[in-house]
Amino acid sequence: MAKMEVKTSLLDNMIGVGDMVLLEPLNEETVINNLKKRFDHSEIYTYIGSVVISVNPYRSLPIYSPEKVEDYRNRNFYELSPHIFALSDEAYRSLRDQDKDQCILITGESGAGKTEASKLVMSYVAAVCGKGAEVNQVKEQLLQSNPVLEAFGNAKTVRNDNSSRFGKYMDIEFDFKGDPLGGVISNYLLEKSRVVKQPRGERNFHVFYQLLSGGSEELLNKLKLERDFSRYNYLSLDSAKVNGVDDAANFRTVRNAMQIVGFMDHEAESVLEVVAAVLKLGNIEFKPESRVNGLDESKIKDKNELKEICELTGIDQSVLERAFSFRTVEAKQEKVSTTLNVAQAYYARDALAKNLYSRLFSWLVNRINESIKAQTKVRKKVMGVLDIYGFEIFENADNSFEQFIINYCNEKLQQIFIELTVKEEQEEYIREGIEWTHIEYFNNAIICDLIENNTNGILAMLDEECLRPGTVTDETFLEKLNQVCATHQHFESRMSKCSRFLNDTSLPHSCFRIQHYAGKVLYQVEGFVDKNNDLLYRDLSQAMWKASHALIKSLFPEGNPAKINLKRPPTAGSQFKASVATLMKNLQTKNPNYIRCIKPNDKKAAHIFNEGLVCHQIRYLGLLENVRVRRAGYAFRQAYEPCLERYKMLCKQTWPHWKGPARAGVEVLFNELEIPVEEYSFGRSKIFIRNPRTLFKLEDLRKQRLEDLATLIQKIYRGWKCRTHFLLMRKSQIVIAAWYRRYAQQKRYQQIKSSALVIQSYIRGWKARKILQELKHQKRCQEAATTIAAYWHGTQARRELKRLKEEARRKHAVAVIWAYWLGLKVRREYRKFFRANAGKKIYEFTLQRIMQKYFLEMKNKVPSLSPIDKNWPSRPYLFLDSTHKELKRIFHLWRCKKYRDQFTDQQKLIYEEKLEASELFKDKKALYPSSVGQPFQGPYLEINKNPKYKKLKDAIEEKIIIAEVVNKINRANGKSTNRIFLLTNNNLLLADQKSGQIKSEVPLVDVTKVSMSSQNDGFFAIHLKEGSEAASKGDFLFSSDHLIEMATKLYRTTLSQTKQKLNIEISDEFLVQFRQDKVCVKFIQGNQKNGSVPTCKRKNNRLLEVAVP
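For what it's worth, the working numbering labels the leading residue of the sequence shown as 1290, then goes sequentially.
Don't read these hints as lab results, they were simulated from the structure. Heads up, a few of these hints could be off.
Claimed, not checked - Cβ pair distances, simulated, as ranges:
1. GLN2022 x GLU1930: 47 to 55 Å
2. GLN2022 x ALA1999: 16 to 24 Å
3. VAL1618 x LYS1576: 21 to 29 Å
4. GLY1808 x THR1765: 23 to 31 Å
We put the beta carbon where it would ideally sit given N, CA and C, even for glycine.
Whenever a hint applies, use it, and build me the whole structure from the sequences.
Now the structure itself:
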């Protein structure tokens, strides 16, 4: 029987209120108390309608297991308790089944758990979508892109040990079945200022620490880095180590993730080289130096760091050094070069480091997109996941340009959130046929317009101020704001024309304040102009473009002199504004799903809930506004079927089963309960309840009714259980009685059977004993007769034996007497011959004994079976000399035969060739002794394995006996040329060493003689038959290191094919035929300039001298 599936509703066993739309009364205090109550019971997720509120627990909870994934899979959103998996499943099913593109917007401040939330969403989608090798590879690549981006884009801050310092939007693309095909990642506003400076208690980006901690010694030496963090100015030391974070292990994880995503080894190495270059840029320091014209310029103090950077990046050191000291300004056809003072040089250095790292990060995102993008061009469904920084408000006027941009993005997200939420509510009311009533809410479009208006918006004025000629400072920018925005109700400045802020001491003179939807934020104007300009001197861009490092060169395309663009690059603010506009346009095409992340405390500790901090986040996340919008009309809605299923026990007509339509059942139920008509409305598929109190009343009635039903069920169950127990006991008694009767009868039968067997055994024993007695009597009678007969026969036999013995004794006595007589006669005859032959007999006997002793001793003194063992025992007697030598010869021949029997066919062939070489060259050629110990290999060039000689291999069909590179002596001047010497069964071939092309081919039948000197050189001549086609140019003269082997194999091959012995001539002077002339080759002794190598020189038309050392 299958296990019954248990379903829990959002309203069952509630801790606090699971959906804050039902919260009563609704205010900040009740919202905070509800979140705290749920947080204290490890319930970190709460709903506001379809919005998920996530409170960071700062500890691991057992709510993300595979079993939990299965619990929320294919379930209604409100069917189970609030969870991020419920929202993920709702979004995925809408995308898969309803063909609606989805987006999941995750917002919150640093440390609230946005990154973990995005990982959970992606892991859930990966777990519930399709399976298969290709699909799993895509899922793995999508998931493994996170460690790479976190290493390069996350850092440790005072609020979060793994804070995302960039905004990320990922579009995951699915096919029609809901299987992932790939994805596209967009990044927003990387905090590149962190590269050069970090606040106290914070770190630079993770990758710097991971590289220095986890890189091998070999890698660090290659990157010219040291493991000590204190060696680098860009790394803060007070927070270099983070508790619970293993940078070395994380580095290995990142390298593995890059490999899975699809980074090639050389790409990963290039990325690490750029990271190393950024680190080392911070170590470049400058010193002031005065020029003749009185202007100050800067010089690099220590050029070692600059040299190492140039070696890493492939940049000319002088080019980069000049780029740090001079700035070239181009205007139309004019170029003006100015020197940089120390402050400007440091600015240029930091700007280069920030731009280099920022562009590397953008390249990484694009490279990941290339790997994870969908490979097919079919129509795709898209689920976007937006993990972006939340609203930031720092104390003590520390809010700068970055916070201004971040808060502008959050204003836009709040605007689209409110618009889409209201739109969704309105569409549902229209779809269900409920009358729509206008909802009053704060529209923050006026704040967005204050920032992004193209004519008088803050960003437009900042761009205008950056582009304006003349002196431009942060103060002039603030003055312009005070002129244009003074009357705006959400803009505040002490220097504006509005008199109400003139005496506001909380508003410094160098600041302005904007009243955002989340509250007032004070911005320090210092740095706005420089950060918006984001200026990198053109000299530095051109220096980077000149790098031989392919990656760095690709990061600075504007440095190409052939593509100089005098147009000013877009500012950081305008770029971000365009990116946000694109993002908003993208989000409006998708069905939104929201996750609002809240940080419970600043200590990153579990079980601590700071109500003041949470209240601050509730305000700037606009949660109260969200709840008011959701419950402006009807606070709760539910489909008729689950509503009837949940509350049907409250009415006798609907309990236990309702036969009609679900809507009719709900109408009967609500009429029976006498709920006021103004408290609910009937839609086409849902019941709408206006006040949460009505829902809680239904829940209280249901709870009481469930208790009554539980009592009734217990009563019926107890009665059923007792009756079932009685019937079981009765049935058991009948079975036991039947089994006992059977047992008693079986036992009685066994007793009767045992008694019968005993009686039978006694009777059979008595009969057997009686028969035995009769048989014994018969046997005794027979034995007595046999014994008497035996005795009688024995007596008769002994009498006969006695008679025969007497007769035999008489015959034996006669024979003995006769033998003695004959012996006496013989001895008398032999005695006269004995003296003459006695000496010879004794000599032969003595000699036989000596030979026997000799052979027995030789048996124990025989030497080893090695043919080269020359030991042999000495002879014991002089007369055995010839025998001793013959025996030695026979033994040597025998052990040689035994040794030869062990050879394989190949070894026999080698020894035969060695024996042939010995007969041909021993005591004739001085080179022969050095060749004895060298094995004959034949094909020294592995032509079959070398692709260079593929053409040569295809041209030769016969077996190759020799393949060796020789020096062919030029007939005209005696100089040598490398040739490949090939010997086959029928031909001798010469080929070019470089191309493998065959130059000459000589049949073996045309070879008449081989000539060589008697000295220690490798020269030999091959004489050809006169008149043959091969002899048109004359004989060949070669030099080789394997002369003995080549001559021997040529001799044996020629003998095998022509059945004629090849003439081997060994002489220090011999004639060769060169075309029409006969030339004498003469070998002489001489001192060589090039050591021990023989040289060949043509003296005249008739003489060729070879000087041998």
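Within 16 to 24 Å or not, the Cβ separation of GLN2022 and ALA1999? Cβ of GLN2022 to Cβ of ALA1999: about 34 Å, so the range 16 to 24 Å is violated.
Consistency of beta-carbon spacing, GLU1930 to GLN2022, with hint 47 to 55 Å: Since GLN2022 and GLU1930 have Cβ atoms about 50 Å apart, the given range 47 to 55 Å holds.
Look at the Cβ atoms of VAL1618 and LYS1576 and judge whether their distance stays inside 21 to 29 Å. Holds: the Cβ-Cβ distance is about 24 Å, inside 21 to 29 Å.
GLY1808 paired with THR1765, Cβ distance criterion 23 to 31 Å: holds, 28 Å
This entry does not satisfy hint 2, going by the numbered hints stated previously; all others are met.
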